[in-house]
Each structure stands twice: as structure tokens, then as C-alpha cells.
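Asker: In case you want the letters, here they are:
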Amino acid sequence: MRSLVLFLVQYGGVGLFFVLEAICLYLVVNFNQQQKEIWLNSSNIISGTILNFRSDISQYYNLSESADSLAADNARLKARLNNAQFVQTILQDSIKDVEKQQQYTYIAARVVNSTIHLHNNTFTIDRGSKHGIRPHMGVIDSNPGGGIVGIVTNVSENYSVVMALLHQGIKVPAAIRRNHYHGFLSWQPSNPKVINLIDVPKHAEIRTKDTIETSTYSALFPAGIPVGIVDTFWQDPGSNFHTISANLINDLSNVQYVYVVNNLMKGEIEKLEEEASSE
Amino acid sequence: MNSSTIKNAIRFIVLVLAQILIFKGIDFDTNGFTYFNIFIYPVFILLLPIRTPTVLVVLLGFLIGITIDIPYNSPGVHAGASVFSAFIRSTILNVLEPRGGYEVNASPTKSNFGINFFFKYAAIFMFFHILVYFSLEIFTPVYFIEIFIRTVFSYLLSMLFVIVYQYLFNPKE
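Residue numbers (the numbering used here), protein chains in the order written: chain A, 1 to 279; chain B, 1001 to 1173.
Bear in mind the hints are in silico, worked out from the structure with no lab data behind them.
Among the hints, erroneous ones may be present.
For each label pair, taking beta carbons as the anchor points, the in silico distance ranges come out as [what the hints assert, rightly or not]: (1) ASN62/A - SER1090/B: 52 to 60 Å; (2) ILE46/A - SER1004/B: 41 to 49 Å; (3) SER55/A - VAL1095/B: 48 to 56 Å; (4) ASN1073/B - ILE46/A: 22 to 30 Å; (5) TYR11/A - ILE1022/B: 33 to 41 Å; (6) GLU37/A - ILE1022/B: 30 to 38 Å; (7) ASN41/A - ASN1073/B: 46 to 54 Å; (8) MET1/A - SER1003/B: 23 to 31 Å; (9) ILE1022/B - ARG54/A: 51 to 59 Å.
Straight-line C-alpha distance at most 25 Å; calculated SDA-like pairs for lysine to any residue [unchecked claim]: (10) LYS266/A - ALA223/A; (11) LYS36/A - THR1140/B; (12) LYS1024/B - VAL29/A.
Here are some chain B residues the structure puts well away from chain A; computed CB gaps all over 10 Å [as the list claims (entries may be wrong)]: (13) ALA1079; (14) PHE1084; (15) PHE1153.
From the three backbone atoms N, C-alpha and C, an ideal C-beta is built for every residue, glycine too.
Could you build all of it, start to finish, from the sequences and the hints given here?
Answerer: Written out as C-alpha cells, the structure reads:
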């Protein structure tokens, strides 16, 4: 008992100091109007800051959800654009009979993996057979300026692999917007921002800054999506065709959202062409 | 109950009365801005015997602070400052300890250790007391300039009266 008293006498000062100081603060805050207001106001500022911080974080997590729903909305709206419709215009005795039928639908997808620096680049997207994706569907960029991404090659239940535009195996019909001369998009493993348009007829008049867009010959992409801007062009010796080097409209190194194009009439076209060639 | 206890008890009462009856009335109020308050009651904590345990000093500091707070109608403000200065008293005494150490049962007064020692001791002690007092009264670092100005004015005047007290009564314990 004596030693306890001695201990308290020797070391109790600190403890007592904190206890009494806490009591004083309590009294100050509770019985003085001005200090009370400052105290309440400051604690509001602190708790308000914490709450704000929390809502910022939760908003950030909801961000991907809202982006997904926006992408789905965009896909629905894109399907209503003119180039997604198959126009059944029949000219009969100068009476124009316009009827539109849905030709393309779009499935929004998020890129979950991509390569850009290989010779044969691919994207992986988070939509698969469950969502209606099948091999040989075109993939376009969500970039409002246009741009295409590639072609679906492999499909699993939830994911698909897309052969990127930056793939040596790519061969997509494309045309010059100004005069509709056709060629094929093909990529040389050099620069991920540049693509070539090959097999453009020799007599086609080409200018730099011409826009290259997806052509009507392609069953994978709706016509008229801008792909690139002509940079340079040349004619290989002994060749009857131009080769055009174009800068891509979209930047394939930061693609986040894409749309997979579903051509509802592709089966019909292919079947017909098969019949014709087997004859 | 020895003479030291009785003298300190009397000093407690005298200082509280002096603070409330005389110094509470002296404050220069200009446009609602009080430039200084004069603090004389901390002399009680200042002059407690050197060997008083910190626990007791802190407790007595709280006691005199809360006693002053009642007529000042500022519960906790004077008490908080007193508890703080009472707590750091032993540290100040350790820093200022003369080469031979303190005499047993001595009080840190002018008559015992000379004006040089007492002035340094009181100067450090009063500064912290008054700084904590205004920090608690104004209660927000937003007005740190106001805290500073009022601390400086009050400090200089209070120190004057603390020294005058020593010359007036020249207490030994």
C-alpha cells in the first residue's frame, strides 16, 4: 500500500495531468458558448471531410457500373443509326418505297487485356458466347471519332479474343471516302499508329489527308466508319496497285470500351456467295 | 500542519481574492477586443515548495484554476491553463536547478535564490500559463495572431505584478 502511494506520488503526475486536462477541456467545450460552437463546427468539418472521402470512394467504385450502363445505352443507340439498317428501297415507277430493316446490332464490351507491341497483337474482352458473340464478328472502338479494333477469333463462355487491327493476319476491306476506291487494310509490324491500305487500283487518285473508312464490301463492319487518314502512298515496282500508309484514327494502346458488331444478314450473304462459287 | 502549509493556504485565499476583486476589473476593452488580462493567481503554484510532488502541484493547480473560473464564468479555461503550467513546473525547476541542487523544503522565491533565478523561473512559467490560457479561450488556431498579441500584452503586465509581489512581500516559503 505504501509503495503504491509512493509510486503514485512519484509517477502519478503525468496521469493526473492528462485526466485533469481532459476534464478542463470537457468543461471548456460544454460550458462556454464560443468554444462550444468552435468545437461543434470543427467536428462537423472533420466528420464532413470523412463522409465526403467515403462517398468519393464509393462513387469511384460505382464508376465502372455507370460506364457499363452507358456503354450498353450507346450500343442500343448505335443499332438505330442509319448505317446499321439494311435499306430496302425499291424503285418502282418513280415511287420510292422506303423500308428499313435492322442489319447490325452492337454488343458493348470492356477490354480486359491487350497487347500492342507484338507482331500479332490481340485484345481480350469481357463478353463471350453467353452474350451472343461468335467468331468472325467485327469489333469497333467506342471512340466517338470512329476507328475499328479488330475481328473476334476465339470465344469462350464469358470472354472473347479479338485479333487486333495490329495483327499480320488482318485483312479488312476498306475504301477511300472521297472516291470509293477499295483496298484492304493490312498491318506491317512497325508502328502501332500506322496501318496500310493495300491493293488500291493504280488509276485511283489519292491525296494525303484523305479519309479511309470501312467499305460496303465488308460483312463484318457497318460501312462508313472512319479508320485512318492517308499519310503517304506509293507504288511498288512492277505492281498495278497503290500501297497507302495511313495514320489510325483511334489509339489502340488505350482502348477501354469496344462494340462487337453483329451483322444479322451475314449468314445470308455468306450462304449466297457459297452457292454462287460452288456452281 | 506545519507553517508552510498554512502560509500556502493563506496565499491561496489572498491571491484568489486579489485576482477576483482587483485584477478582474482591470482590462482595457477596445471595441470588444480585450488586449490583456492580468494574472496574479499563478504565483500560488509558482511559490509552492520545491519538493511538493507533481501530483499535488497539478491537483492544487486545478483547484485554484477552477476557483478562479467560477467568478470569471469560464469553466475550464483557467483550470486548464493552471493544470498545464503546474505540470511543467517541475521541468522548469529541473532546468534551472543550481549546481548544488535545491535546499530541502525550500520554496522557489526571490529571497531564497535571488532575483536572477526567480525572474527566469517566473518568466518561463508565466509565459506557458498565459499562452495556454489564451489558446483555450480563443480555442481556434485560426486567430493565432490574436492569441499572440494578447499573450504578449498580458504576459508583460502579469510579469510586472509577479515581480512586484516578490518585492512587496518577499516571501521565504
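Asker: Taking the earlier hints as the rules, which of them does this structure contradict?
Answerer: Numbers 7, 13 and 14 - these are the hints that the structure violates, sorted from lowest upward.
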